[in-house]
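**Student:** Each chain, written out:
Number of protein chains: 4
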Amino acid sequence: MKRLAVLTSGGDAPGMNAAVRAAVRRAAFHGLQIFGVYHGYDGLIRGDIKEMTLGSVGDIIHRGGTTLYTARSEEFRTEAGQQKAVEQLNQHEIDGLIVIGGDGSFRGAQKLTEKGFPTIGVPGTIDNDIPCTDFTIGFDTALNTIVEAIDKIRDTATSHERTYIIEVMGRDAGDLALWAGLAAGAETVIIPEADHDINDIVERLHAGSSRGKKHSIIIVAEGCGSAASFADQIKEKTGWETRVTVLGHIQRGGSPTAFDRMLASRMGAAAVDLLLEGKKDRMVAIQNNQIVDFDFNEALQQRHELDLSIYDLARSLSI
Amino acid sequence: MKRLAVLTSGGDAPGMNAAVRAAVRRAAFHGLQIFGVYHGYDGLIRGDIKEMTLGSVGDIIHRGGTTLYTARSEEFRTEAGQQKAVEQLNQHEIDGLIVIGGDGSFRGAQKLTEKGFPTIGVPGTIDNDIPCTDFTIGFDTALNTIVEAIDKIRDTATSHERTYIIEVMGRDAGDLALWAGLAAGAETVIIPEADHDINDIVERLHAGSSRGKKHSIIIVAEGCGSAASFADQIKEKTGWETRVTVLGHIQRGGSPTAFDRMLASRMGAAAVDLLLEGKKDRMVAIQNNQIVDFDFNEALQQRHELDLSIYDLARSLSI
Amino acid sequence: MKRLAVLTSGGDAPGMNAAVRAAVRRAAFHGLQIFGVYHGYDGLIRGDIKEMTLGSVGDIIHRGGTTLYTARSEEFRTEAGQQKAVEQLNQHEIDGLIVIGGDGSFRGAQKLTEKGFPTIGVPGTIDNDIPCTDFTIGFDTALNTIVEAIDKIRDTATSHERTYIIEVMGRDAGDLALWAGLAAGAETVIIPEADHDINDIVERLHAGSSRGKKHSIIIVAEGCGSAASFADQIKEKTGWETRVTVLGHIQRGGSPTAFDRMLASRMGAAAVDLLLEGKKDRMVAIQNNQIVDFDFNEALQQRHELDLSIYDLARSLSI
Amino acid sequence: MKRLAVLTSGGDAPGMNAAVRAAVRRAAFHGLQIFGVYHGYDGLIRGDIKEMTLGSVGDIIHRGGTTLYTARSEEFRTEAGQQKAVEQLNQHEIDGLIVIGGDGSFRGAQKLTEKGFPTIGVPGTIDNDIPCTDFTIGFDTALNTIVEAIDKIRDTATSHERTYIIEVMGRDAGDLALWAGLAAGAETVIIPEADHDINDIVERLHAGSSRGKKHSIIIVAEGCGSAASFADQIKEKTGWETRVTVLGHIQRGGSPTAFDRMLASRMGAAAVDLLLEGKKDRMVAIQNNQIVDFDFNEALQQRHELDLSIYDLARSLSI
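Protein chains in written order, with full-length UniProt numbering: chain X, 1 to 319; chain H, 1 to 319; chain Z, 1 to 319; chain Y, 1 to 319.
Don't read these hints as lab results, they were simulated from the structure.
Note that the coordinates shown come from a computational prediction; the quantities given were computed from them, not determined experimentally.
It is possible that some hints are incorrect.
All copies of an identical chain are treated as equivalent in the list; a pair is satisfied when it fits inside any one copy or across any two copies.
[Claimed, not checked] In silico lysine to aspartate or glutamate, DMTMM-like type, Cα no more than 25 Å apart, as pairs: (1) 214 - 236; (2) 213 - 241; (3) 214 - 193; (4) 213 - 161; (5) 235 - 161; (6) 84 - 312; (7) 237 - 200.
With these hints in hand, go ahead and build the complete structure from the sequences.
**Tutor:** What follows is the structure, given as structure tokens:
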């Protein structure tokens, strides 16, 4: 294990740069060479690979996005594409690859390992929807971006005494919506992991209103449908006009929080250490504040679990 | 002039609280009593009026929204409603009213002056669309909120090498879109005050693309139509998929910037001074960094002008 | 257990308001009455106690500081003062007290329990120096405040190619310094838990300089001495001028991060639940992302431990 | 005028990068070549000069500091150094130089013009202490950084009911202190342009205290002496303990505000336009929201003026 490579893949997440930086610096610490693969698997196939040094990762720990870029690759989904990828890695005499991304990116990494090429995955996605890890890189930043946005919307919700419905990202996971709802003191949170019933939502609005509360914030996880559809249902049931905001792509960007930079630094370094120890086909994870690792097969067969006691807590605090 | 009142009306804007605070403290400085009218003209009609003291405005200078609330009032559009408003003011022995809001709010204030009740308007709106004043309270904060959002979206636009179309507020005015576009280095800005042509927009995208620029940010003022419609036109012309974000209500909230707090403090205090000098039916404004004032009639007949040299500058810098 | 009370004590920490809010709302959820004790133990002795309702904690979840205020109390250190405190609680027919603060505040709570009055502690301090809990309320916010400040200083350090020494809070604990140093990519971190040697620090500066690195950031935990004294030592050893910044009281304030609001919400609610279950003389804690609780005696005899593997990681990444 | 160059000099200020970007892009718009001089006048003497293209200034508009670096140069103070600088410019066939910095940097530019080399100055300094311009690049950002810091300190000042004295930058100018004091609602502002008297300061503290105000924020411009010396004087007069914070180097960094990016974009472009028009030995300025320009001699003989009506306003609002 003398020459490593690192790529970012899938949706970008704040902290990916910090993870790349940690991998590069940890490799240098161990006296290894390390290469950056640009534009994800697509760039890997095309051989868009350059050596990285300490200078390559100067002044990036605090930057959002990924300086290695990310891209979709239809070709990599094919056997032929995967073969090309392995050939590129071999041609560059690379001994191990670190893939920073979500579960789709990990499945790609597995394909390479199946072809005999050692890979390690680092969970980077704002959605926090990867099994076996308590947190993914980018989740804490996206969460704070959402909470700050809701704080701003609350200013205007309070001033106008209206109900606002805010749609947040998370794919099929409700983590962003639930945590943001609790942290921002939202009156109602709608997530895929818990049943929701429009009558219950309306009842909560009425209960608040009867206690003199004239504004209300409802958070909808994108996995439950659009905020607009909930606005329509509320209007139908109550006649009330609500305001809808879809937070959109601001949730992906921004300078990573301290937590995400820490997590990325620990995970990026751990990925290098694992390759050095001769491990492969594994993902790095954090459990109980400790960096651990799991076999891809084992991990990806599981489901990411949301702690539903948080949901119950949020409901009890937003009476 | 012994007893004044202040209300906020129309869409809320960051800095309204700083303006209310300045009016209350300036009144206290002059030894006057001052009352807060809650919920705008609607509250005025209902007599929702309470005396304010130094303590009433403690710890609000940095808060978004308006602690006096704001509301629409259909009744105030009627002669009878306006009459009730004057009666409430007289009943509370109030000698002059300060109205913080946009042009609609100023027209309401004029109605009261026509009925013999002295009013002074303070321009508070994020849209910067009031004639005769270089800036309105809330514009600078909304502008920075938009620019920070675009900075975040640029992280992800750069990482994915895609084109993002971002729709910003401003009603019929392009100030927010133009200033934000220049400040955020957007490739294209679409505003009501300048002709826009989908072919020109597409040409700029192609020009950037041919120079190797793979991502692009387009800002659309809401007065020009929806970001989604521009996305459709671009797709039709080029086949390119773009991503759309409508920034929405986050633009109204947030802690006011230093500039907005300054402006609000100067304007709120000036409104009290004008009433003390026996002036009425006038709006406070800032021109060339100086606080000035204009007759409502004179001001509201004019059009807010955008400095189009800024537009030309933005185009020249985003080649 | 029908009537509870809550107070904040010691240095304020962002998230204390979120904890108070959670306690009040959780009490309401359980149908209990709850009272706020203002100005810490000093207010308790003086009977500065008022009933709190859902409305008392509206719009405070995102505010820094503590709306219950905090104060030192010499009198409470005396037997007589503690007796008065218990009398006030009894007079108000309060059945249990929640104390949000640091270890000194917990020792105060113990005194009350020794006198037969049930208390529960909630760890609120930016220093993260309480045993048995992975995190304290306020730590994550202070950490992000520090990291944002270092990011700003790095701008100027890079532009001027100078070395900056930044002194951060933490009392005897190095958590803030270490985590901030790792998250901000500082070249050197000086903490009480690890030996530091001026020769090693100077060697690292020289090593960076010889690799072409002309600026450097050194973080000093206040428990290791002043930044100024390190600047003097470096000057003596190398002749280099460095710049010193003592971050100071900005580290205590600011709107709490999502993480701190979550933690505070969970802990504040858990404190109410514990009292309801008849528990007392215990502190709430978070371990491995789960809310747990410990006997005060047991907890306060232990030492807060810093994970020194993080220190080693930081050193390996800042070569 | 075919080949221009640009350098940054003196203390760095947020927005310098936006000004460099605007100069480079405006030059490209006009079909000119433009070169970056690295490390200020020191780099100029050493010939540290590289051609810049559109790509050189990609993704820098929002970055603090200066990517051209800045440095002190003792050699440039000498006749010989200035001669070398002109030789380097001639050797690189450069026709005009844009200098972004403060008054010291402008005096350097004048020296070059005296030797026959055309220069244009762009005012970049957080201190806002340049004559003839209403604002300098960086002032608005530094002001917002200070105001956000005071907002944080106010959280803790309010919670602990103590008086905090905060020292801010500005060299001999009180602009940062005064504007920040007004925008943050400080109780007292001490600036070089207005007399201050410790008895008056103490009287204001007592007046607030007697009205029930238990915390107070005092802002001291660095040009008036250290915050610590005021703390000593207050202690001597009243026996009160106050807390001191010196904001320090965080004031120089951070992503520029929208206002500073606008100002920098307008000024950087204007500098190119002036050189193209054959002008030299002049500084760009903003007056009444319009970009204008002045002869260096004329400008630097004047004094920067602070609008003292703002000081009176601040005092009237902080009764």
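**Student:** List in ascending order the numbers of the hints, as given earlier, that are violated by the structure.
**Tutor:** 3 and 6
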